[in-house]
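**Q** So you can see what is in the structure, the chains are spelled out below.
Protein chains: 2
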Amino acid sequence: MTNSIKILRSVQQVRQWRLQCKSSVGFIPTMGALHAGHCSLIKQSIKENDFTVVSIFVNPSQFGPNEDLDNYPRTLEKDLEILQNGYKVDAVFVPKVSEIYPSGIVLDVNQQRGTFVSVHGCSEQLEGVTRPQFFRGVATVVTKLLNVVQPSRIYFGQKDAQQCVVIKNLVKDLLINTEVRIMPTLRESNGLAMSSRNEYLSKEIRMESSQIYKALKIGEEKYRQSNDSKEIIDTIRQNLKDPIEIEYIAISHPDTLEDLEIAIPGAIVSIAVKVPKEDGKARLIDNIIL
Amino acid sequence: MTNSIKILRSVQQVRQWRLQCKSSVGFIPTMGALHAGHCSLIKQSIKENDFTVVSIFVNPSQFGPNEDLDNYPRTLEKDLEILQNGYKVDAVFVPKVSEIYPSGIVLDVNQQRGTFVSVHGCSEQLEGVTRPQFFRGVATVVTKLLNVVQPSRIYFGQKDAQQCVVIKNLVKDLLINTEVRIMPTLRESNGLAMSSRNEYLSKEIRMESSQIYKALKIGEEKYRQSNDSKEIIDTIRQNLKDPIEIEYIAISHPDTLEDLEIAIPGAIVSIAVKVPKEDGKARLIDNIIL
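Protein sequences appear in the order of chains A and B.
Position one of the first sequence corresponds to residue 111 (the working numbering), numbered consecutively onward.
Position one of the second sequence corresponds to residue 111 (the working numbering), numbered consecutively onward.
Derived by calculation from the structure, the hints in this document are not laboratory data.
Be aware that a few hints might be false.
The list treats identical chains as interchangeable, and a pair is accepted whether it falls inside one copy or across any two copies.
[Claimed, not checked] List time: in silico BS3-like cross-link candidates among lysine-lysine, alpha-carbon distance up to 27 Å: (1) Lys116 with Lys282; (2) Lys282 with Lys132; (3) Lys282 with Lys384; (4) Lys391 with Lys313.
Using the sequences provided together with the hints, build the complete structure.
**A** Here it is as structure tokens:
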């Protein structure tokens with residue numbers, strides 16, 4: 111038995127659907143390849159709102175020219191099945207690229223034309239170092255989607271900690287009338303944070319990657335003895351072994367993402383690593399809140 | 111006799127007011143120092159909408175560190191009198207800077223923190239050459255104001271031709287559900303385009319500045335004989351004499367602002383000049399549509 115879920119393809123269709131929602135609307139923007147992490151956001155939205163809409167859109171502008179846009183997992187039929195059968199989602203927005211980028215979009219930032227949204231101050235560090243256009247792409251697409259969907263609440267997972275800070279600042283600064291809801295990271299049974307990109311990993315590497323969360327938890331224990339960020343970071347570093355290649359470990363202010371020399375309650379301890387995959391390396395990120 | 115006009119100071123107050131408007135809302139964003147040009151936009155909005163709201167906000171982010179932010183004419187009492195007595199405006203939004211820039215705002219772009227909106231492709235040429243941060247500031251504040259007011263229609267004057275193109279692209283790209291209405295330039299009796307900055311000029315310079323529109327009209331006549339942009343621009347140039355100092359004359363595509371070698375119907379012929387004022391020089395802009 112399938113529930114009837116409305117599949118919306120155009121901005122116009124979303125606007126028409128939205129007009130009929132006279133009470134609260136929850137919105138979960140996704141790039142598809144739905145996993146239990148997304149599903150926990152959906153469940154929370156259904157609990158908190160009268161209507162829930164999910165978008166599935168692999169956003170080109172958040173990928174660099176040498177990143178995995180073409181290979182990013184696309185599993186639309188499976189995604190729709192999950193939304194149809196598992197949850198009482200009211201609508202799913204599955205736009206074409208031209209619907210979201212009416213002026214077109216190319217991956218080379220210098221060639222891009224049209225309107226872009228940047229959140230300065232919290233987009234440049236951490237993930238922004240290796241992916242300088244990433245948060246501009248995220249901020250731009252979220253602004254567009256918020257303008258179309260006009261939700262009462264929008265849901266993100268804590269796993270993408272910097273994204274959460276960028277979006278909270280975006281909504282505050284652009285005076286957007288929505289509540290940003292951040293939900294805890296969902297993890298596989300070994301502790302690995304759920305991510306659509308985990309599909310890139312072999313079984314062995316998935317097991318090895320359980321080190322990441324374990325090391326973060328050891329760092330958390332260290333914090334109970336010392337609030338010196340360097341000591342906490344060193345502890346985490348010492349607990350990560352081959353094949354985990356550390357890109358960064360940082361302790362950051364939860365609102366501004368400024369580097370903290372002294373850790374405070376609420377600080378974000380974030381990590382990015384590289385692990386081997388079949389044809390090269392995969393990047394994984396994770397974080398905990400002190 | 112005064113009409114009762116609602117003065118809204120906070121984003122929250124605008125949202126509450128907006129909720130009560132069950133039918134169309136027209137919005138005229140201004141920096142105050144209201145003149146007949148603004149008033150024609152207001153009249154048009156009243157004609158086309160059930161509710162009309164004006165904002166008065168001198169937007170810091172569109173001024174460079176060496177521009178006239180501090181000296182920009184501020185005539186709030188006079189402006190409110192115009193809105194109260196002359197027109198059936200329903201509300202006026204007069205926010206503090208902190209209300210519109212919750213993350214703060216400084217004029218040095220490199221020091222700025224928070225969220226900014228850029229419209230690439232039509233912001234860099236013409237006015238963008240001497241004022242590289244100008245349209246980023248305009249696009250940012252208009253996005254914020256649109257998010258707060260959520261108008262059915264927003265009104266701008268054709269006098270700021272590039273601003274009109276930037277805003278039309280902004281609304282299209284960010285999928286904002288509003289209609290952008292561009293109204294013809296209002297002119298003083300001698301043809302000088304109305305502008306709040308005309309207050310900087312002496313009577314003599316105002317008279318001399320009437321050359322600008324006259325030269326544009328001679329350029330328009332030339333276009334009837336030749337669509338070669340260079341010839342049209344040369345004709346305009348030859349019809350401008352001291353004390354008018356030409357900064358640029360351009361013929362541009364109406365949607366993209368790309369330079370046109372061959373003029374087409376609808377093309378924008380725009381001009382920027384400098385004229386003497388008491389303590390230096392004032393910049394004036396004007397344009398016509400072919």
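**Q** Given identical chains, is Lys282 near Lys132, meaning Cα to Cα at most 27 Å, within a copy, between copies, both, or neither?
**A** both (24 Å within a copy, 26 Å between copies)
**Q** For Lys282 vs Lys384, is the C-alpha pair at or below 27 Å within one copy, between two copies, both, or neither?
**A** neither (33 Å within a copy, 39 Å between copies)
**Q** How would you label the pair Lys116, Lys282 (within, between, both, or neither) given a Cα cut-off of 27 Å?
**A** Between. Shortest inter-copy distance 25 Å satisfies the 27 Å Cα cut-off; intra-copy 31 Å does not.
**Q** Using 27 Å as the alpha carbon limit, work out where Lys391 and Lys313 are close: within a copy, between copies, both or neither.
**A** Within one copy, since 15 Å is at most 27 Å while 71 Å is not.
When held up to the earlier numbered hints, the structure conflicts with hint 3 and nothing else.
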